[in-house]
Amino acid sequence: MNEARSCAERKLDLIALLDGELTPAAKAELDAHVLGCAECRADLAELEATSTLLRKWEAVDPPRDLAPAIPEPRPIQAPISPRLTVVPSRRFRDLFLPAGLGAALAAAAVVLLFRLGGVSAGNPELKEIRALGAEVAALRTELAAAQSALAQARTQVPDGATVAEAPPSATSPTAPAGAPPLTLTAADHDALLKQVAAAIAESESRQDTKFLFTTDQLARSLSMQRREDLATIERQLRDARAETFQALVTTHERLDRLAQPALLEQGIAPRTPANGALERNADEERSLPAEERLEPNSRK
Amino acid sequence: MDGSDGVWVGRVLAGDPAAFNELAHRWQKPLYNFAYRYTGQAEEAEDVCQEALARAFAQLPKLKDPDRFGSWLTTIAFRLCQDRGRRRRRRIEISTDELAESGIDPTPLALVADSDRILAEPEDPAARVAVNEIGELLSSALQKLPEEQRVALVLREYQGYTATEIGEMLGVPVPTVRSRIFYGLKSLRRILGRGPMGQELMSP
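As given, the protein sequences belong to chains A and B, one line each in that order.
Everything in the first sequence is counted per this note's numbering, starting at 1 for the first residue and increasing by one.
Everything in the second sequence is counted per this note's numbering, starting at 1001 for the first residue and increasing by one.
Excised from the complex, chain A in its bound form (with noise of 0.2 Å):
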């Protein structure tokens, strides 16, 4: 500290010292100033004088509790309307929510198709979280459908087939005369194609219905909650997504493996799969189906 500071300038440090904010050696330069300086330390007391007198006005009680309502966690509630269910149906969860993504994406998504209904479609957050919901539920549905299209092309490979593990360089248009054969020809890919389109198209008009309930109550009274449920849920739809999505190069990669052969065959030029998809050992891929793969992820 300067010597030569005035009191008037000392004025702000005495604040310091009764707020205990001077470090040590500042605090023992204002003791032996005060000591001596007859202004600074009627300043002083006149100071903690009146804050022990304003520290006199005790504090009271709130007349009333004032705490906000904080919605509680809701069960499902009835549908308003009977022909709706509100809890998804067996075949819906099978198709939309792979086992590895959990109960709570499940409730999510319904308090979500229950309280959109109410909201006034002008909302641009709402749309994108209904647009992300919508493409979540596609991807599944794509996804479902490209994993029974494998488990079934897999089922018509013969026992101890090893068309996917060997190198692409083996398999060339003139096949040897011993290999399987395959059934997945171009046709069968192509009709794999429109089964997807066609099961795309259905869960979007599913959606739709499902987007069309009146949900007015709840909204209504959770407004505020559902601002926050609302993040949750595009947070959860955002990760679904990314996973459902790698779930579904995943299996196409497999897909593509299995299928080349036999388009070779016909010699139609398959689709070349990234490179380190062929490097894979095709035995481990079976024993880890996707859903387990994605279990740990969808967790957190």
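Keep in mind that the hints were calculated from the coordinates and are not lab data.
Calculated pairs, EDC-like style, for lysine to aspartate or glutamate (alpha carbon to alpha carbon, straight line, at most 16 Å):
no., chain 1, residue 1, chain 2, residue 2
1, A, LYS11, A, GLU39
2, B, LYS1029, B, GLU1044
3, B, LYS1186, A, GLU46
4, A, LYS27, A, GLU9
5, B, LYS1186, A, ASP43
6, B, LYS1186, A, GLU48
7, A, LYS56, B, GLU1136
We have chain A already, so just place chain B on it with the hints.
Leaving out everything else, chain B in the frame of chain A:
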């Protein structure tokens, strides 16, 4: 229930909204008293406290340091008081400063009359000046201070914050806060000393 504010904030953010009840019950009394002392009006304080708690709940994800929930909540309440004060003044259209300039005591007349009654009979002053009467006197004196001095004093004397903490809450440099506290305390003493009970209050 125990656990620091930060723990309870964490629980709310982790998806347990009911945990906010613990925070609200912990803080509603200090918050209500802050608003009451700052505004000088019980009903206003009730509304501000309730709204501040509701806003804090809605905006909890924005709280940067969960262990400083209290000062964050108090700042929300302070801003609400300011907004309401501004709206009210616009309605009345006559500021207390203008009243004071025209030589009119800005303290509401009822309060003046009341404190006169309280201050009128000096038989046994120490016994007679009850806690609530001290409150009325101090409240009326605090209301005569400029707002920035008043909030600094209320935060320091009743909420227990230091000048540094108040500076962070209000976004004001610390020396400025110390200056407001220093001159606020000085003015308050003058205001209280002017009353009929001044001598008595000022003696230790």
